[in-house]
Amino acid sequence: MVDFLIGLFLASLIVALFTTRLYRLLLWYSMNSLMLGLLALVIGDSLDDNAMILTGVMTILIKAIGIPYILKNLSQKFHFVRQITPKIKVQYAIMLVPAILVFTFYLSEPITHMMHTHANYVAISISALFLALLLMIEHRNVAPKIIGFLSMENALFLLGITATNGMPMLVELGIFFDLLMAIVVINLLFHKEELQV
Amino acid sequence: MILYCITITLLILLAPLLLSYIKVTKMLLLFKRPISLFQGYRNFSKLMHKETIISKEASAITHYAPFLVLSPLLIVLFFLPPVVQGSYYVSFVDAFTITGLISLSTFFLMLLGLDSASAFGGMGSSREAFISALVEPAMVLTIFSVSLMAGNLGVGQAGVNLSEHFPKEHMASFLFSGISFFILLIAENGRIPVDNPETHLELTMVHEAMILDLTGIYLAIIETAASIKFIIFASLFAALFMPFGFEFSIPIAFLIFIFKLFFIATMVALLEVNTAKLRLFKIPNLLGLAIVFAFLSLITFYVLGA
Amino acid sequence: MNLTLLLLPSIIMFGVSFLKSDRAKYILAFSSFVILLPIVELFLLPKPYNILGNYLVADNLDTYVLFLSSIVGIGVTLSLLTLDKHVKVSPNAYRKFYRFFAIFWVGLIFSILSNHMGIYWIGLELATLSTVYMIKTNYTPAAHKEAWNYMIVGAIAVSLILFGIILMYASAKPILGESAMEFNLLLAHAKEIPSPFLFEIGFAIATIGMFVKMGFFPMNLWLANIERASFYPVAALFSGILESAVIIGFFRFSKIAMEVNYNHLFLFVFVYTILTIFIVSFLIYRAKDFMRLFSLSGIEHMALVVIFWVSGAPFAALLHFGAHAFLKPALFLATGVLESNGKYKIAGALRGYKGKKGTLFWFLISLFILAIISLPPSPMFFSELYGFGAMINRAKQGDHILSMLVAIFLLLTLLSIIFYRFVAIYQSMKYEGETQEKKVYTSELFALILFAISLMALLLPTSLTYLQSIA
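For the record, the sequence lines run as chains P, R and Z.
Under the working numbering, read the first sequence as residues 1 to 197, first letter to last.
Under the working numbering, read the second sequence as residues 1001 to 1306, first letter to last.
Under the working numbering, read the third sequence as residues 2001 to 2471, first letter to last.
Hint data in this document are derived by calculation from the structure and do not stem from the laboratory.
One or more of the hints may lead you astray.
[To be verified] Computed far set for chain P versus chain R, every beta-carbon distance over 12 Å:
#1 Leu-34
#2 Val-57
#3 Leu-180
#4 Leu-189
[To be verified] Calculated pairs, DSSO-like style, for lysine-lysine (alpha carbon to alpha carbon, straight line, at most 30 Å):
#5 Z:Lys-2096 / Z:Lys-2438
#6 P:Lys-89 / Z:Lys-2145
#7 P:Lys-77 / Z:Lys-2145
#8 Z:Lys-2088 / Z:Lys-2025
Where is the CB? At the ideal position from N, CA and C, for every residue including glycine.
Excised from the complex, chain P in its bound form:
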């Protein structure tokens, strides 16, 4: 089950890399976060860890529903460019994505021998980090860059859930707080842009 969810997590991220429409991208980001939240719920249930279940619920509420909704609202309010064509051509992306995956899988191979639980997930979360970076690199518009940043946060979260069986509650709450702060700052930045024009 966990394997299945983690597969869907990576799959939604890869599909997001090839998306050319903003709302689709938001949908895939939301799917990505949903998978992350479900993963946290499943792992938290198996470990009997209430903190992680809470994190999972918060992830689903904030990242899978809240943030895509806010971003969609923002995009309607400030008239974002909705057709976002990646700067990296598809034929290169097709070669680049597997190259990144192979690289990260081999990079993290020594780690996977050391970990006792969920060994492979470290590799997948590192590759998710790189793919999120690629998502940020391949777009010129601001909105997909924000999505890339948020997906990067998701990759970090995945690592936190799987590599360490959940970080201390305090830190996870702090990360959520910072995420909300980031959304506020993004909102303010857009506001200013509107005033200027």
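Using the hints, position chains R and Z against chain P.
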């Protein structure tokens, strides 16, 4: 042996029904009055009675090609994984053979398009070549990786192994190859994001452009070939990526299998209703995705073992 | 001494920033000065002092860094008083600047005083996000673009740091459990970490994140562009305060990494910083405006701090860092005056000052410019002397003396390029170009004098012994 023959007959008989079923579902979803479920058979019998006219410029290829389009697909039908327990099956045929046979059929279809030297035929053939060149690597990789997970390179044996011992530990790579194969299913059968089988608009058509000149029995053969191709892909998908229901008694297993086929057809219909057709030069994006997922499933299996 | 007192000035500042009266400006400035008081008290308390359980602990190192930062903060506030005389800034933007300055301080206090990797990261992220808005107080398209730029790149850098932190936590969790995030426990048990490779990969990723944030190798011009686009006090904040929050994380992480595998750490950091200095020195050679010049020189200084710290001379590193923290903000603040007649004009920047204020101003600026290229009375001279000495000592213990000598020779060559360029710029500022009158305001002069006094205080024997005791 008798089960084997029954399976193949069933597949051949179901093939036109499945395509009509997709059409019916789509029409229902679009609030149109649906056609009959048996429209496929009716078309076939109508075309059988029609007079066959062939273009003056056409060479002998037009006479042979329809049979050569159909026959490799019929051969593939014999190599599919078994549907019920105790059925006879061919265990040694691997991904390359199946892909090769399907491409052979496509090759003759393209020749057929080129042969009458009409403008549309050439265009359709070139588009078909473009798409199938992208489909093949992904197809080989996908079936290969799923056979690796099943522990046997033979597709038939792989289907049996998967349903007997499902590789839970390889769930992630299994999922990736499933996604990849579903994209291929859509692309190879000319369903909507890639090709629209229902229109004859010169800007978009791929499959229809190649068979525009045909009538009568030749057209009937080609249409049968198309429906058989769909059922090959659907039953491969059902056997390899939905490996359950094999262990039940024979009639129930058959029923489950047919149910799976109709489920796949429903998924395809839903996808067709919900997406717009891609521009021809955007198709590499979709197929690129399939290649990425196929490759991803292989490396996830090899490097991570997940 | 508790946390409330430490955060109170920032909270007041945050609240007052919503008031719309004219007096708010002075209250804001005053509350910004007041930040120094609890920090001075913290400075005098016996160490280590637990502020909030084991999460926030004040020890010698972090109070020193916090003390430096608060002095820089006061200097920045002083220059903010007359910001509107040099550039166009609306009162509204001014208040918003202070609002985010308050959040910035909260994040900074948490990250500097933290004894916990997670809290360190949360504070750092808070400080980063609040600076994004400070860049934006300058209403120009360039500032807008750079604010986004900072948001994106800063977010990447900070995410890399978190990534590293998680890996390090994962490596130590089997022996320490949930408290594997506390620096002092990690340091005490560094030798027992069951999977050192995991720790080292985590450390490398976190370090790259921190280096990117300080403008090291792949991102050399990133900070320079941002400082160019924003107001000059923001540039001073960046180089004086935000970098201190980053570097203290590096100090703490590298202390643990030294215990885990010293040779790997040394090689990694050494190659990275030499590469940085190599590129930066040539960029400085080509620099044509003050902001870029000072910001690149700041990167060079941070690289030297890092290199001194890992080669076992924490005293030199801290001294160098202190001198950098005072000199750079002073020069950044001075650019407001130096560039007051048309931007990018180096020639003649030091001419045309009238009266006592003007004379004092150009005298101080000349001193500062000569101090950042480590001419003898400057603290940088002593720290570099001591630092290079420590590097040779370190090499003597191993058998890499020759490669170390080559590396030092290379570093000195690169530093001499920078030296040459700064002397040339100083001459151009003083003796070339036409004379245009420039006005210096008292508050700016106060800020410069504050920095000059603190710089001299850094050289007093008592402060030197204090730095020795930290090391």
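- Which of the listed hints are broken here? none
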